[in-house]
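Mind the numbering: the sequence shown is residues 1 to 170 in the UniProt record's numbering, read in order.
Since the hints were derived computationally from the structure, they do not count as laboratory data. Please note: incorrect hints may appear among the correct ones.
[As the list claims (entries may be wrong)] Restraint ranges, calculated between C-beta atoms of paired labels, are given here:
(1) Gly-143 / Ala-9: 33 to 43 Å
(2) Asn-60 / Gly-82: 18 to 28 Å
(3) Ser-99 / Ala-164: 21 to 31 Å
(4) Ala-129 / Ser-22: 32 to 42 Å
All values reported here derive from a predicted model rather than from experimental measurement. Glycine is no exception: its CB is placed at the ideal position from the N, C-alpha and C atoms.
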Amino acid sequence: MLDTPEEIADLQRLLDAAYERSTERLRNIIKDERHLDAQELVQVLTGMCTLNLATVTAHNEPRISAVDGHFLHTRWVFTTSGTAAKVRHLRARPAASLSYVDGERIGVFSHGDVEFLTPEHPDFAEIEAHLTAHYGSSPSSWGPDIAYCRLQPSWMVGYAFDKAALFKKQ
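Whenever a hint applies, use it, and build me the whole structure from the sequences.
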């Protein structure tokens with residue numbers, strides 16, 4: 001777990017604010033006993049998580065695709081080909097939604113803006129080292145134009161149908 005206490009506290013404030021301004025329907029589904037807090041999210045979101053990434057085309061048409069996501073420093077990080085349609089969408093319109101859903105076990109839903117991380121970015125080396133350790137090779141070696149992306153969330157909620165069962169497996 002790379003997350004600092006300050007990052008976890010910031011995430012908790014974001015989760016609380018998102019939950020408070022969520023619809024009544026969502027709050028009826030994600031009741032207190034199913035609501036995941038920041039500490040619980042960083043505990044359970046380890047390794048690679050297949051994320052659903054929603055972007056918007058130039059004609060305002062929604063598009064969804066899957067990416068390998070890693071929850072690092074309380075933010076979703078993913079890589080993809082720099083020539084992918086999703087990258088063109090995000091460069092023009094950085095607003096995106098990400099979800100991670102594993103049946104009824106867990107659901108994490110996020111909205112925000114995607115930032116592109118270059119080797120000059122202060123967080124790039126740590127992210128690349130994490131991804132290299134996970135995959136056994138650097139994503140930078142997978143092609144001539146690999147985009148490193150991170151969602152800066154403006155809204156996020158976490159859900160577990162049975163929190164006791166979720167953490168029993170940990």
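Checked hints:
For Gly-143 and Ala-9, the hinted distance range of 33 to 43 Å is satisfied, since their beta carbons lie about 37 Å from each other. Evaluation of the 18 to 28 Å hint for Asn-60 and Gly-82 yields a pass: the beta carbon distance comes to about 23 Å. Between Ser-99 and Ala-164 the beta carbons are some 23 Å apart, a value that agrees with the proposed interval 21 to 31 Å. The hinted window of 32 to 42 Å between Ala-129 and Ser-22 holds, with their beta carbons roughly 36 Å apart.
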